[in-house]
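A.B. asks: Here the protein sequences line up with chains A and B, keeping their order. Residue 94 in this note's numbering sits at position 94 of the first sequence; the count goes up by one each step and never skips. Residue 1121 in this note's numbering sits at position 121 of the second sequence; the count goes up by one each step and never skips.
Careful, some of the hints might be misleading.
Stated by the list, open to error - No farther apart than 25 angstroms at their CA atoms in a straight line, the calculated lysine to any residue pairs in the SDA-like style are these:
# : chain 1 : residue 1 : chain 2 : residue 2
1 : B       : K1191     : B       : E1075
2 : A       : K58       : A       : E43
3 : B       : K1191     : B       : R1092
4 : A       : K191      : B       : R1141
5 : B       : K1058     : A       : V37
6 : A       : K58       : B       : R1141
Said to hold, decoys possible - Here chain B is said to cover these stretches of chain A; the calculated rule only asks that three of the stretch's residues, wherever they fall, bring their Cβ under 8 angstroms from a Cβ of chain B:
# : segment
7 : 121-128
8 : 158-171
9 : 183-193
If you are wondering where the hints come from, they were derived from the structure by calculation, not from laboratory data. C-beta: ideal position from N, C-alpha, C; glycine also.
Number of protein chains: 2
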Amino acid sequence: MNSRRGRSAEGRAEVRRDLVAAAVRLFRTRGYEETTVDDIAAEAGVGRRTFFRYFPSKEDAISPDHEVGLARVAEVFASAHPAEPTAALVLRAGETVFDLYADDPALSVERFRLTHEVPALRDRESARVDHYRRLFTRQLRERFAGDPDGELRAAVTGAAVVAAHNLALRAWLADGGRADRLDDYRARFRKVVDMLPGEPARDEPALHGVTERLEAAVARLERHA
Amino acid sequence: MNSRRGRSAEGRAEVRRDLVAAAVRLFRTRGYEETTVDDIAAEAGVGRRTFFRYFPSKEDAISPDHEVGLARVAEVFASAHPAEPTAALVLRAGETVFDLYADDPALSVERFRLTHEVPALRDRESARVDHYRRLFTRQLRERFAGDPDGELRAAVTGAAVVAAHNLALRAWLADGGRADRLDDYRARFRKVVDMLPGEPARDEPALHGVTERLEAAVARLERHA
DNA sequence: AGCTTAACGGCACTCAGTGCCGCTGTACAC
DNA sequence: GTGTACAGCGGCACTGAGTGCCGTTAAGCT
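Sequences are here, hints too, so could you generate the full structure?
C.D. replies: Structure, rendered in structure tokens:
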């Protein structure tokens, strides 16, 4: 009855695409809360049970490639030359995710709209973004291992990069997700390097805190006065 | 039958505490997934329907004062003097949240443990943290309005402050949440000011970071002295 | 005492998500 | 070509979260 049966490679991918398309279509026309998983499955021409073989939950129907993005970022970090500057590395990793969203602009724009209007999807998206932040932070923590306050610098850098990435990405999506304007928003993301914490100072006497360094500067001033 | 009926102030607060205590107790002994809302309600001596009058979902049973934290942060920003340096302001706002968790260390430690072990609660916590990040970013965006790249600086600063806060808070909780060590971890959080993006450079060569700028100011004084 | 009001508990319902099982088309062996 | 192992599918039944509704009951007021 079903011509896709058994074609394990193309068949599965096709069913998956049908389900995503059905979910997007129904969420837009009928609303997220008003759409049941039964509706999505019926719209895609499969059984309800099959839906849950492709997506772990209803919320995941419009975010099919989250694991792919995480894997790509991990790959960028894993294959990076140890001497590559951190700023260049995090930029490359961030743009990898940017490109992933650019692969299917229409779906990304629709998901952006839904994640802004539906609280349940907004929270889900927050959790997803946090997965990226944790991945960045984890990778950077290894790079900064041994540095004074290396863990803090990893946390701040990871959070900053992900925040800047999302700011630029969402601006692009709000702008319609047009391919010809992609580079403008990628450039906007790259500006984050100007706001990243720098390497810990090495050649000076180790004075890291604001208070300590300020006190030292004032002490110098007092000596000169 | 129920002696708490109708005492709208104390009665409600008491029921609420009972429900939180029951949830924490059951989640620890039986596990989160294995505990139903019926179990929690029965343990607290109320009906299942009553549980949902106090908490919108099962996940919220252990995080009773999220809105309180958001409101306090908003209050810090709202009542701040316009001339107060951004670094000092975000530190004050962050420590306000720190204090909120310190109000009930035992509950905070238990919630920390659960949010690490249960994926559903971990994602929920991510969403909650993101609410703080958005609040910080929104407030800072107003402060930086007009600055070149003010929106990016707001996003980066907000994300950095929240990340540093969580790093320090979770370290304190992992350490047992002892009151006598609270100040150590608050100091750890304060180090974030050294990693925040500075004011946009106007006439000088690029000097980012609070510390560098203060040192430069003192250096100018030294030259004049 | 009579009345109003607010919280409570129970009931019934929808829907997400899961385990189980029987079915069927495909691929492979012979 | 026939038999067989296998993988994906659909249906069924079940649990549990979350919601709307309503009758009940205790507190507060007059």
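A.B. asks: Look at each hint and say if it fits the structure.
C.D. replies: Results of checking the hints against the structure:
no. : hint                 : result
1   : B:K1191 with B:E1075 : holds, 23 angstroms
2   : A:K58 with A:E43     : holds, 14 angstroms
3   : B:K1191 with B:R1092 : holds, 13 angstroms
4   : A:K191 with B:R1141  : holds, 17 angstroms
5   : B:K1058 with A:V37   : holds, 22 angstroms
6   : A:K58 with B:R1141   : violated, 34 angstroms
7   : 121-128              : holds (count 5)
8   : 158-171              : holds (count 8)
9   : 183-193              : holds (count 3)
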